[in-house]
Amino acid sequence: MSQSSIIPLTEGLPGQRIRIHHMTLEGTMRRRLLDLGFVPGSEVKVLQRSPLGDPVAFRVIHTTIALRKEESSQIFGEIIGGEYHESTH
Amino acid sequence: MGSMNPSIPSKRNSLNALLDQAQTLSSNSIRDEIVSQIHQTGSTVCQDTVRYTDENKMMRSEKLDRILTSKVWGFPIMLALLGIVFWITIAGANVPSAMLADFFGWIEGYLTLAFHALHAPDWLHGVLVLGLYRGLSWVVSVMLPPMAIFFPVFALLENFGYLPRVAFNMDRLFKGAGGHGKQSLTMAMGFGCNAAAIMSTRIIESPRERMMAILTNNFVPCNGRWPTLILLSSLFMATGFAGGAQTLVTASVVMGMVLLGIVVTLAVSWALSKTALKGVPTHYTLELPPYRRPKLWDTILRASIDKSLFVLKRAVIIAAPAGVITWILANIDVGNLSVLEHVVAFLDPFAKALGMDGFILMAFILGLPANEIVLPILLMGYLSTGAMLEVDNLNELKQIFLDHGWTWLTALNMMLFSLLHYPCGTTLVNIYKETKSAKWTFLSFLIPTVIAIGVTFATTQIAHAMGWV
Amino acid sequence: MNPRTNPKHSQKNPFRIALAGNPNTGKSTLFNALTGLRQHTGNWPGKTVIHAEGSYQYDGDAYTVIDLPGTYSLYSNSADEEVARDCIIFEKPDVTVVVLDATAMERNMNLALQVLEMADRVVLCINLMDEAKKKGIYINEKSLSKKLGVPVVKTSARNRDGLDRLQKVIQEMAYGRTKTNPYRIRYSDELEEKISALEESVTSTFGDRLPARWVALRLLDGDQSLIDSLHQRIELHRKEVHNHGVDESLYPVEA
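Chains as they are written, first to last, in the UniProt record's numbering: chain W, 1 to 89; chain L, 1 to 469; chain S, 1 to 255.
Keep in mind that the hints were calculated from the coordinates and are not lab data. Careful: at least some of the hints might be erroneous.
What the hints assert, rightly or not - Here are the computed distance ranges between Cβ atoms for each label pair:
#1 D32(L) - S143(S): 25 to 33 Å
#2 S196(S) - K57(L): 27 to 35 Å
#3 N159(S) - W123(L): 17 to 25 Å
#4 L236(S) - L296(L): 46 to 54 Å
#5 W73(L) - G136(S): 39 to 47 Å
For every residue, glycine included, the Cβ atom is placed at its ideal position computed from N, Cα and C.
Let the hints inform the model, and build the full structure from the sequences given.
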């Protein structure tokens with residue numbers, strides 16, 4: 001995975017920081033995500049997967065928001081850093 | 001309002017003109033421009049006014065989440081917390097329950113003396129003391145202590161911020177069942193009171209998924225059913241254990257019932273999403289707010305006032321007339337049997353097929369207004385005097401059950417029926433208020449009832465076929 | 001007029017205070033702390049959204065507090081947001097208090113800035129200050145107040161910190177003694193042009209009863225739920241006029 005490539009949030013690994021590029025969602029869900037801070041240009045940190053693998057918690061403007069993969073797969077961005085860590089416990 | 005210009009029709013015209021004008025000026029990119037402008041402004045304002053000095057402290061909740069919602073520990077911790085809440089409730093409620101029962105029994109002695117002193121007729125003493133007073137004492141002494149413990153403990157967990165994590169952990173299961181992620185939050189409310197939980201389903205926006213949450217909420221045992229579950233599991237499932245071990249086994253059995261309720265909830269949700277409530281799960285986001293140390297006394301006080309007293313009040317209001325009515329039914333004879341006994345004899349064959357008896361089924365039917373009164377009515381039915389059991393000897397309860405041919409299977413079936421059967425009257429009224437549909441209200445009655453009958457029937461037949469009983 | 005000797009805002013005619021804010025900001029805790037047990041809940045008319053109202057007395061005046069549903073936005077993404085929006089723009093509370101989570105100011109600012117575009121009598125209440133302190137977050141409320149043009153009060157509702165000051169600020173504003181200059185976002189020149197074009201039509205339709213700039217902005221965004229609410233208001237008013245016996249033949253009803 002190259003540093004500059006655009007990936008959906010679903011492919012982000014826990015610990016990675018991703019800068020949002022664009023969203024393909026429309027309607028109410030798009031507005032809701034914008035309100036929560038999933039705005040193009042803003043930074044999102046992948047926190048962790050739920051025990052059954054989905055949803056995934058993201059850190060966005062100092063808050064923690066969990067998204068199902070139906071939504072996070074439609075948000076795209078590039079990895080800008082952060083270290084991958086598997087939930088250690 | 002009063003200041004509005006009365007030239008309404010022209011106003012309507014001009015509103016329409018205004019909307020036309022807006023439409024010609026509008027474009028698709030406006031939404032994004034507005035939102036990104038607001039965000040930019042917000043972030044500029046915050047940059048100048050808000051200072052974060054310690055990123056590490058900001059991540060405390062995340063560190064805790066890495067354990068509390070981890071692949072390995074997420075579910076075990078969830079179950080352990082639930083188990084601890086039940087254990088505290090059961091262990092803590094025993095002594096005060098017995099003390100309250102003693103106290104009410106002691107008062108009853110004086111009430112009876114007073115009635116004799118005043119030369120009150122027997123029927124009056126029967127209705128007021130053996131019916132009304134005993135009914136109320138039962139409800140208060142059996143229900144108040146567990147409620148006074150459960151609600152505050154649960155509120156502490158809630159105020160700590162744990163419930164959204166439960167939704168986070170369970171979401172995948174609900175998605176698989178076609179339900180909304182917030183369904184688990186409405187279920188958590190159901191532990192207290194299903195009627196209140198029906199109101200709480202409003203947090204689910206999509207009508208389809210909300211209906212699913214409404215129709216299945218009943219499979220979470222509410223406060224009114226706990227005394228039944230707790231009492232029966234401690235009397236029949238934890239035999240052969242003593243002291244702390246007994247409490248532990250009782251709590252495990254109750255938790256087993258809760259887990260079964262969750263499994264049934266998921267199964268029914270899944271079936272509904274494939275049939276009557278077809279559709280795709282709606283989009284949703286779940287915020288995981290930071291953990292916060294709850295204000296101990298504030299939380300306890302508010303939970304006691306808002307929840308415990310509220311539910312108790314409702315139970316008392318319903319239990320009072322129910323106590324009177326059951327006493328009357330049990331004391332009016334038709335032929336050489338009381339009305340109550342006629343009903344029991346009629347229900348008995350069907351009830352036996354479900355591994356219970358006519359008294360139990362009758363108690364469930366008369367208990368429609370409130371689950372709290374099922375157990376008191378059952379005991380009253382069993383007693384030849386036709387009055388509810390005097391409450392001061394909880395330990396001799398088991399003998400009464402055994403005298404009426406109970407086995408562990410009877411107890412298990414009664415617990416299963418209690419867990420799975422139709423919602424109480426208040427809940428049904430709320431379901432009607434919320435759905436405005438007689439059809440869906442009826443379904444919310446029918447689905448659990450059919451499941452309760454099916455499960456108890458199957459359990460009984462299997463147990464008999466295998467020769468377990 | 002001295003409110004203590006002549007209680008203009010008695011139990012019968014209390015000041016109306018609306019609490020707006022994101023979920024998880026401790027808004028309900030603040031509501032409880034302000035009103036104690038003097039609360040009742042019901043439904044918003046025609047909506048399955050819980051309407052919570054409470055009251056308190058401060059310095060001889062009576063206040064009614066409306067606890068609006070917790071929302072991330074007021075751009076009508078849900079019934080909750082519609083209810084909160086309609087209350088702020090149509091019912092025009094004497095003071096709208098926006099409750100913010102001190103530990104997530106940036107996200108919370110989203111709603112605050114929206115409210116500032118809708119109303120003039122706004123107080124920002126930065127709650128959960130105790131949590132913020134623990135996390136090493138410092139907020140310069142004087143600078144914030146200056147930038148946004150409205151009073152800013154820090155509170156920790158669950159410790160009852162800052163409540164007295166909040167009530168004082170609310171009182172001052174309710175009596176109209178506080179001058180505000182709410183921050184209005186400046187959009188691109190193109191959008192601003194459209195806004196001012198539409199703003200005039202909004203004013204000529206609704207007078208100054210509605211925040212014209214904000215309505216213009218929402219209409220440009222094609223906010224269907226707001227359009228529905230506007231239609232409803234006009235219809236409601238027509239019925240009211242009708243019921244109060246105004247001769248309707250003077251105002252022929254259009255088809």
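Results of checking the hints against the structure:
The hint said 25 to 33 Å for the Cβ distance between D32(L) and S143(S), and at roughly 29 Å that hint holds. Separated by about 46 Å at the C-beta atoms, S196(S) and K57(L) break the suggested range of 27 to 35 Å. A C-beta distance of roughly 58 Å is found between N159(S) and W123(L), which places it outside the suggested range of 17 to 25 Å. At roughly 48 Å, the beta carbons of L236(S) and L296(L) sit within the given window of 46 to 54 Å.
Checked against the hint of 39 to 47 Å, the pair W73(L) and G136(S) fails, with Cβ atoms roughly 28 Å apart.
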